[in-house]
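Enquirer: The chain contents come next:
Protein chains: 2
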Amino acid sequence: MKLGFVGLGVMGKPMATHLLKADTTLAVFDVATDKLAAMTALGAQVCATPREVAAHSDVVFIMVTTTKDVEQVLFGEQGVANGLKRGATVIDMSSISPTAAKQFALRLREQGVEMLDAPVSGGPAGAINATLSIMVGGDADVFNRMLPLLQHLGKTIVHIGGNGTGQVTKCANQIALDVAIQGVAEALFFAQRNGADPAKVREVLLGGLAASRALEVCGKKMVERDFGAGMEARLHHKDIGVVMDIAWHEHLPMPATAATMQQLNALMANGWSRDDPASLLRVLEQAAQAK
Amino acid sequence: MKLGFVGLGVMGKPMATHLLKADTTLAVFDVATDKLAAMTALGAQVCATPREVAAHSDVVFIMVTTTKDVEQVLFGEQGVANGLKRGATVIDMSSISPTAAKQFALRLREQGVEMLDAPVSGGPAGAINATLSIMVGGDADVFNRMLPLLQHLGKTIVHIGGNGTGQVTKCANQIALDVAIQGVAEALFFAQRNGADPAKVREVLLGGLAASRALEVCGKKMVERDFGAGMEARLHHKDIGVVMDIAWHEHLPMPATAATMQQLNALMANGWSRDDPASLLRVLEQAAQAK
Chain A
1 MKLGFVGLGV MGKPMATHLL KADTTLAVFD VATDKLAAMT ALGAQVCATP
51 REVAAHSDVV FIMVTTTKDV EQVLFGEQGV ANGLKRGATV IDMSSISPTA
101 AKQFALRLRE QGVEMLDAPV SGGPAGAINA TLSIMVGGDA DVFNRMLPLL
151 QHLGKTIVHI GGNGTGQVTK CANQIALDVA IQGVAEALFF AQRNGADPAK
201 VREVLLGGLA ASRALEVCGK KMVERDFGAG MEARLHHKDI GVVMDIAWHE
251 HLPMPATAAT MQQLNALMAN GWSRDDPASL LRVLEQAAQA K
Chain B
1 MKLGFVGLGV MGKPMATHLL KADTTLAVFD VATDKLAAMT ALGAQVCATP
51 REVAAHSDVV FIMVTTTKDV EQVLFGEQGV ANGLKRGATV IDMSSISPTA
101 AKQFALRLRE QGVEMLDAPV SGGPAGAINA TLSIMVGGDA DVFNRMLPLL
151 QHLGKTIVHI GGNGTGQVTK CANQIALDVA IQGVAEALFF AQRNGADPAK
201 VREVLLGGLA ASRALEVCGK KMVERDFGAG MEARLHHKDI GVVMDIAWHE
251 HLPMPATAAT MQQLNALMAN GWSRDDPASL LRVLEQAAQA K
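Here the protein sequences come in this chain order: A and B. Just so you know, the first sequence maps onto residues 1 to 291 in my numbering. Just so you know, the second sequence maps onto residues 1 to 291 in my numbering.
Hints listed in this document are in silico derivations from the structure and should not be mistaken for laboratory results. Do not take every clue at face value.
What the hints assert, rightly or not - Listed below are the simulated EDC-like cross-link pairs for lysine to aspartate or glutamate, each with C-alpha atoms no more than 20 Å apart in a straight line: (1) B:Lys200 <-> A:Asp141; (2) A:Lys155 <-> B:Asp69; (3) B:Lys220 <-> B:Glu285; (4) A:Lys200 <-> B:Asp139; (5) B:Lys200 <-> A:Asp139.
Owing to the predicted nature of the structure, the values given are computational and were not obtained by experimental measurement.
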């Protein structure tokens, strides 16, 4: 099985590197040509377009940022869809709209190509250590055939259901995570403004039911006032935008997610997009500067 | 040191029982006389009023529900303040307003009585197993003197700062916890309405950064549709009310807590007050019944 990989960013590069161990060829493409040189050194075959990657591959992985990016990679003039043979498989590991993921899968199926949506959780560290959580939507047989490849990339790999349900699960992940981070920000902000040391408060809270990875990881950054990424807030802003768009279309009340989205909007407006979402604390502080 | 305990409810009864092991007398009172009989059998000295408890005690513990309850127990005609000797100590373990806790401490100090606010986290199970987290506000010397007594009741016992800061910490706990539960409810609601099995979604999310005790405990109840307490939603509603009142007075923006408060209001309106806060999922479902 010959492999291809489109998108060699902070996540894609270490993932593609793991796939080079799969004992096959790996054709790669990125819009940033400087990222390609390093992959040549590792033994990958550098291509000029996604279409060329597809022409060399039985399975094409995609790891880019937005729904529009994936659409361009798949269906642009030099896109993957124009290069793939019947019977090939696309595994999109980007975090994009579940609705779009479903539509893309339908379009590819018309030309005899199967698609999985397989977004991940775990960030750059998870990509580097191949310990990502991978949430997969698509046909069960396709999932079973692709599982050995995904096992090069992640640890918790779960088939959720049909096309799009992997992206739905990633949305659910971001809802629970970002609302929890906002809750931690409000808790520590409240404590600080009422004379309780946030470091001590975090310590006690970690011992009880309020404990969360958000309190551990982002809470620590808030207490230490170290707002650098970590995770990148702009990606959370992107994902929550996808969620709220679906909530709007489907008439789903999501009040805490909506409140969190507004705070992420303010975070972006302040130019903290590449900082950690722990910066949600700074948004609260800024809105109440006088004290 | 002779001890007293006012409030023998779901939390107070097991706590008072642990204090009976402290090798001293324990005077007790509860408005519900049926709760007193059981304590007599265990060797406690039953009193007719909080004032009588105070008259028998060097240290009086209080474990009741609301700020008003504590005020009544302390400063009512038959209240603790009218029975205490100079040099006595009051340890209020109820979850009440930090502002009130501070005022109560000042009033008691005028008559030579020290007070600690020492609210807890961990629920009935924590009270029974003496594994409560206890967040303490008040004078450091008083804390150090009382610590051996508190160690009969809890495991994580942290002195935060001056009077009221224990209650501030409990507020922070409830902010982080309830906002996280609301986030879990929205995540599982979104998943369910978009065709992803909430049980599988919870499973994957527990493997990543969205993991929390809220997802473990309340998320499990949501997935299993077992909404019975667990925790009691009415107590969370009470605590978040205290938080939002302070936020209003102090001009603190708390958007996700505010959204969660509205959902808790709706939960109460539906008569689910003694069910688990996992019922926040039912509030979302009810607001979008047609699907």
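Enquirer: Confirm or reject each hint.
Expert: For each hint, the structure was consulted:
1. B:Lys200 <-> A:Asp141: 18 Å, holds
2. A:Lys155 <-> B:Asp69: Violated, at about 52 Å.
3. B:Lys220 <-> B:Glu285: 17 Å, holds
4. A:Lys200 <-> B:Asp139: Between Lys200 (chain A) and Asp139 (chain B) the Cα gap is close to 16 Å, so the pair holds against 20 Å.
5. B:Lys200 <-> A:Asp139: 16 Å, holds
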